[in-house]
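Listed here are the chains, written in short residue letters.
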Amino acid sequence: EPEVTQTPSHQVTQMGQEVILRCVPISNHLYFYWYRQILGQKVEFLVSFYNNEISEKSEIFDDQFSVERPDGSNFTLKIRSTKLEDSAMYFCASSEGALYGYTFGSGTRLTVV
Amino acid sequence: LAKTTQPISMDSYEGQEVNITCSHNNIATNDYITWYQQFPSQGPRFIIQGYKTKVTNEVASLFIPADRKSSTLSLPRVSLSDTAVYYCLVGDRGANNLFFGTGTRLTVIP
Numbered sequence: 001e002p003e004v005t006q007t008p009s010h011q012v013t014q015m016g017q018e019v020i021l022r023c024v025p026i027s028n029h030l031y032f033y034w035y036r037q038i039l040g041q042k043v044e045f046l047v048s049f050y051n052n053e054i055s056e057k058s059e060i061f062d063d064q065f066s067v068e069r070p071d072g073s074n075f076t077l078k079i080r081s082t083k084l085e086d087s088a089m090y091f092c093a094s095s096e097g098a099l100y101g102y103t104f105g106s107g108t109r110l111t112v113v
Numbered sequence: 001l002a003k004t005t006q007p008i009s010m011d012s013y014e015g016q017e018v019n020i021t022c023s024h025n026n027i028a029t030n031d032y033i034t035w036y037q038q039f040p041s042q043g044p045r046f047i048i049q050g051y052k053t054k055v056t057n058e059v060a061s062l063f064i065p066a067d068r069k070s071s072t073l074s075l076p077r078v079s080l081s082d083t084a085v086y087y088c089l090v091g092d093r094g095a096n097n098l099f100f101g102t103g104t105r106l107t108v109i110p
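Residue numbers (our numbering), protein chains in the order written: chain E, 1 to 113; chain Y, 1 to 110.
Here chain Y stands alone, though its shape is the one from the complex:
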């Protein structure tokens, strides 16, 4: 499993766009990049997954450069309810397990 590095914490004001970058220098050819969100005392929630370039869904966008050694989760116009821990995971989509790092604790300020 590729090791990931992300900022421990970030603060943002309501209404701003938030970009959380994750580095994964040792990503393998078969690896996908997946982001999960976790609120206190709840299970992680799948946000988005991608392999290269850009992926967008109703919640977020995921930008992956050509070398795939990093990725950026973009949350448009955050609200207070987006305060959570965000995890970047890298691994084979067929893997039987997920490896969670320490994640990025995002705090949205009014």
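Excised from the complex, chain E in its bound form:
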């Protein structure tokens, strides 16, 4: 079964540092997403991406966040200056089309110290 692959599985960074979380979506999927889940809390939508541009973003996705699809296979989430409250599991997801279920990756656990 095709998978969404995320790297690294765990990243520790100092407050104020930039981090890039990487994702390889399923190859024939056209829609890409980032979600996050703070420990013990709900899964929260961050951003959706289609046709090389952001199609929707939440209030969480402020100017500190950006996404990119640099080479046609990778999909990245960058946080420019991390804060303690950015500590969470970050999940990448992709879907074949807007009418299909999403496939989520296993996540990157980001710890900001």
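Please keep in mind that the hints were generated in silico from the structure rather than gathered at the bench. Don't take each hint at face value.
[Unchecked claim] Computed beta-carbon distance windows for the label pairs:
no.: 1; chain 1: E; residue 1: 80; chain 2: Y; residue 2: 10; range: 24 to 30 Å
no.: 2; chain 1: E; residue 1: 96; chain 2: Y; residue 2: 59; range: 15 to 21 Å
no.: 3; chain 1: Y; residue 1: 110; chain 2: E; residue 2: 7; range: 33 to 39 Å
no.: 4; chain 1: E; residue 1: 80; chain 2: Y; residue 2: 93; range: 41 to 47 Å
C-beta: ideal position from N, C-alpha, C; glycine also.
The hints should help you fit chain Y onto chain E, whose structure is shown.
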């Protein structure tokens, strides 16, 4: 997005059928009902999606009454590996985002 209400937790013995009900009184005409499963420290996994009546796949069945104000996810003969959080989501299939509630934590007991 329609608000959903589901039980916070449920326990079941191995081998039993489990039914998790979700209420969504404000469901809109274009909304579909989708269920996801999440294991600890993993991303949610799509289980099943439906619009009305009954949908069945190799994993579960989804029952939706005519008024569509609720739905029931049915897991046949659960095993220990079905212990997870189950989320009921309601929204337009063309929506760009998913809204996850708190879900139902299912614990399967030996």
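Verification of the supplied hints:
no.: 1; hint: 80/E / 10/Y: 24 to 30 Å; verdict: violated (42 Å)
no.: 2; hint: 96/E / 59/Y: 15 to 21 Å; verdict: holds (19 Å)
no.: 3; hint: 110/Y / 7/E: 33 to 39 Å; verdict: holds (36 Å)
no.: 4; hint: 80/E / 93/Y: 41 to 47 Å; verdict: violated (34 Å)
In summary, the structure is inconsistent with hints 1, 4 from the numbered list given earlier, while agreeing with the others.
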